[in-house]
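S.K.: One-letter residues, chain by chain:
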Amino acid sequence: MTKNNLVIILLLIGFFASIFIGLSYGPADLSLTELFSHNNFDILRLRMMRVLLGIVAGAGLAAAGCILQAVLKNPLAEPYILGISSGSTLGAGLAIICGISSQVQPLIAFIGALIATMLVVYLARANGAISIHSLILLGVIIGTVLSGIATFLISISSSQALHGIIWWLLGNLQIYDIKLLMTVSILVLTSIAVGWIFSQDLNAISIGEEEAKHLGIDIETIKVILIIICSLITGAIVSACGIIGFVGLIIPHGIRLIVGNNHRIVIPAACLAGSIFIVICDLISRAIMPPVEIPIGVITAVIGGPLFIILLKKYQRIRQ
Amino acid sequence: MKSTKLIAVLFVIFLACLALSRQSSSGAEKLRIVSICPGTTEILYALGLGEEIVGVSSFCNYPEDVFKKEKVGSFSRPSLEKIVALRPDVIFATGLEQNESVNMLREYGCKVVLSDPKNMDELFESISQIGRLTYTDTEAQSLIDKMRLELTTIQDKVKKTPYALKPRVFVEIWSDPLMSAGKDSFVDELIAQAGGVNIARDAPRPYSIFSPELVIYRDPDYIILGYMQSKNTPNDIRQRVGWSKITAVMTDNVISDINPDILLRPSPRAIDAVRQIYQRIYCDKK
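Those protein sequence lines, which keep their order, are chains L and G. As numbered in my numbering, residues 1 to 320 make up the first sequence, in order. As numbered in my numbering, residues 1 to 286 make up the second sequence, in order.
Honestly, the hints are just simulated from the structure, not real lab data. Just to be clear, a hint being listed does not mean it is correct.
Some residues of chain L that are not near chain G, with every Cβ distance over 12 Å (derived) [what the hints assert, rightly or not]: (1) Leu6; (2) Gly26; (3) Asn262; (4) Arg286.
Quick partial rundown of chain G residues pointing at chain L, CB under 8 Å, derived from the structure [unchecked claim]: (5) Val66; (6) Glu70; (7) Ser211.
For each residue, glycine too, the CB sits at the ideal point set by N, CA and C.
Using the sequences plus the hints, can you model the full thing?
M.R.: Below, the structure written as structure tokens:
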């Protein structure tokens with residue numbers, strides 16, 4: 001058995017274990033038999049939805065991170081780099097300020113995210129090609145402008161809107177709407193699968209655009225497809241659970257350290273690791289001090305940062 | 001040449017007179033008050049100090065007259081320049097987010113009075129302190145007496161209900177994420193005064209993200225919404241997964257028509273909130 005197969009198997013075991021742990025612990029102090037009794041079905045269902053959202057969000061953010069890091073050839077690339085977070089924040093902010101029903105809010109956030117990315121890609125296009133430098137710069141600039149507008153709207157609105165947006169920025173996996181969850185899950189999982197089909201092309205692109213062209217790859221089309229896939233994934237996730245930082249940045253890097261640079265392996269491994277990471281972080285966020293929940297963004301940063309540093313140091317030593 | 005000098009001297013004298021006259025007119029013993037705390041603004045108006053208020057925060061929205069006052073900025077980020085320019089004798093603020101501004105104002109030599117009542121007793125204390133500082137002790141005392149009387153009337157009625165039978169209430173401060181008010185919050189006090197039990201009482205902080213599965217688990221009899229997002233909100237709550245079997249939802253007791261301002265602000269209108277909650281959870285039994 002190769003090392004990479006072993007890693008995938010270990011990740012799969014971790015994946016199922018995290019699902020089990022995520023379902024069995026929570027602020028309502030129930031034993032397993034109580035949890036599976038008919039009376040508490042609603043609580044179990046709520047936990048199942050949360051765990052599923054965690055899996056989808058973790059897998060999606062990790063996959064989008066992998067793809068964007070390869071396409072943009074930038075180690076700092078992460079799912080929110082193309083203005084998605086600011087676009088969706090502006091959308092969600094507008095929805096909250098205008099008093100739009102909380103059920104429609106995710107859709108508006110999703111549209112905001114897509115418009116922001118499309119704007120970035122459109123502006124970065126010149127002479128039929130997309131310059132990676134322009135893409136990254138425009139992502140940052142459009143992001144800053146949009147979050148500036150969002151901040152302006154928030155600062156002139158009531159305290160309640162302020163409230164809503166601040167918590168939105170910290171991210172959370174609370175979900176009640178099964179239709180929203182299903183739409184997001186299907187959209188994200190299909191997009192990941194499509195991204196994975198392009199993993200050979202990603203391998204070629206990450207070596208160098210010139211080399212990829214020599215291999216006969218239509219690099220401009222593939223870049224656009226992959227960026228659209230990433231923005232669909234990220235936009236869908238952001239619309240359901242706000243902005244969860246750090247996962248899309250460190251999980252791909254961590255996985256690359258372990259399994260190497262072949263995207264056929266990197267993408268599925270990162271998806272599994274991202275899911276485990278988010279499900280466990282969410283479990284901590286809701287179980288550490290009941291009845292209060294801690295924003296998941298706090299947990300992902302506090303746990304993810306040190307974890308990544310340990311991993312990095314270990315592999316630096318091995319390489320030497 | 002001479003006449004120019006004369007004109008100049010006369011002009012200076014004129015300016016001096018103008019300045020003096022302005023000073024004497026504004027120095028007519030009238031207090032100049034700035035309040036950057038919506039609750040305190042309401043207290044000041046209740047004490048008949050409407051005319052003395054020269055500046056308020058943009059979050060102050062009651063009574064109607066407040067909209068005619070100079071706005072000195074938002075609740076957490078008031079404009080220091082505007083406040084200082086209004087030359088207030090006293091500034092009323094609250095703790096928490098305003099600490100930074102309060103420290104700055106104090107460095108400018110302004111007199112800043114903080115009040116952050118967490119329960120009725122502290123609110124009464126705060127009212128009588130404001131009364132002392134603004135020479136309206138009698139008005140303050142009669143306001144407190146009036147509020148006390150109303151509270152005792154309600155409490156006499158709910159006293160008979162044993163704790164185990166008291167209606168259990170969940171206050172939703174915000175929907176996404178779900179937020180509620182713990183035991184140090186003013187709204188927790190209001191529920192207790194109205195004879196209810198706040199199911200989020202064990203949350204250690206005034207406002208925090210609350211676990212939705214615990215709301216299902218603890219099964220409140222009433223849900224009070226402390227925000228106004230849209231008219232559909234009670235319907236949205238019914239459609240949340242797992243929430244349809246909560247007693248409050250099944251018995252149609254999701255209360256969305258109590259003004260969030262009176263629920264969340266330590267102000268004289270808090271009594272109205274207590275009365276409204278009491279009526280909903282005791283009198284309107286379906």
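S.K.: For every hint, state whether the structure bears it out.
M.R.: Verification of the hints:
no.	hint	verdict
1	Leu6	holds, 36 Å
2	Gly26	violated, 6 Å
3	Asn262	holds, 39 Å
4	Arg286	violated, 6 Å
5	Val66	violated, 15 Å
6	Glu70	violated, 17 Å
7	Ser211	holds, 4 Å
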